[in-house]
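**Q** Here's the letter readout for the chains.
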Amino acid sequence: DTAVSQTPKYLVTQMGNDKSIKCEQNLGHDTMYWYKQDSKKFLKIMFSYNNKELIINETVPNRFSPKSPDKAHLNLHINSLELGDSAVYFCASSLRGGDYEQYFGPGTRLTVT
Amino acid sequence: AQSVTQLGSHVSVSEGALVLLRCNYSSSVPPYLFWYVQYPNQGLQLLLKYTSAATLVKGINGFEAEFKKSETSFHLTKPSAHMSDAAEYFCAVSHSNDYKLSFGAGTTVTVRA
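If you read the protein sequences in the order shown, they are chains Z and G. Here the working numbering is used: the first residue of the first sequence is 4, the next is one more, and so on. Here the working numbering is used: the first residue of the second sequence is 2, the next is one more, and so on.
Source of the hints: derived by calculation from the structure; they are not laboratory data. Hints may be right or wrong, so weigh each one.
Only pairs whose alpha carbons sit at most 35 Å apart, straight line, appear in this in silico DSBU-like list of lysine-lysine [said to hold, decoys possible]:
no. : chain 1 : residue 1 : chain 2 : residue 2
1   : G       : Lys70     : Z       : Lys44
2   : Z       : Lys22     : G       : Lys59
3   : G       : Lys69     : Z       : Lys47
4   : Z       : Lys39     : Z       : Lys55
5   : Z       : Lys39     : G       : Lys69
6   : Z       : Lys12     : Z       : Lys39
7   : G       : Lys50     : G       : Lys70
8   : Z       : Lys22     : Z       : Lys44
9   : Z       : Lys44     : G       : Lys59
Covered by chain G, according to a simulated footprint, are these stretches of chain Z (three or more residues, beta-carbon under 8 Å) [said to hold, decoys possible]:
no. : stretch
10  : 58-65
11  : 69-77
Quick reminder that beta carbons are idealized off the backbone N, C-alpha and C, glycines included.
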């Protein structure tokens, strides 16, 4: 039974389109995250939520809008996709912040053409 | 602000040889330090973490790391490399009340037969 799942695994779309990535965790965690991994494999936090409340928005363009309908889900909607949005997006969750282990999903590879 | 620097973007070792991956951190408050591994086309998996208890931390798959405050380092070692250790390794830092991981640039490990 997958702990952190993301859909879709691959997403190919054209510039200007709007797309969503869904994330679900079945670990009972309070905190969820979105990270972006670029083509050089550098990982950077985008958003973190704790108990459905936005805690961190790391200077991400407002074309990116996370939404947490409940503690088990954190979705990412992206408007007006640009070439530079091509990356792998990882969802993660942890019991809380600080020293708690983050569990990562398998990633969604987004390609914008 | 906190950050980590991984020295060496690529490490190549022979099967059975020592694996040594270097990580130095910068943090104005006591850090929590993590090593994660990423296998091709997968999410990240925690190898081990330091959270101010024992300075020598043992993790999964035979890896261990030592926290050295005087050197601001948290290097990862494994006495004998296996072919299955070929992957990308990330050092990361967090601190109490933090809701994100700040990652290093990663080190690619290849294992020669």
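**Q** Sort out which numbered hints this structure fails and list those numbers smallest first.
**A** 2, 11
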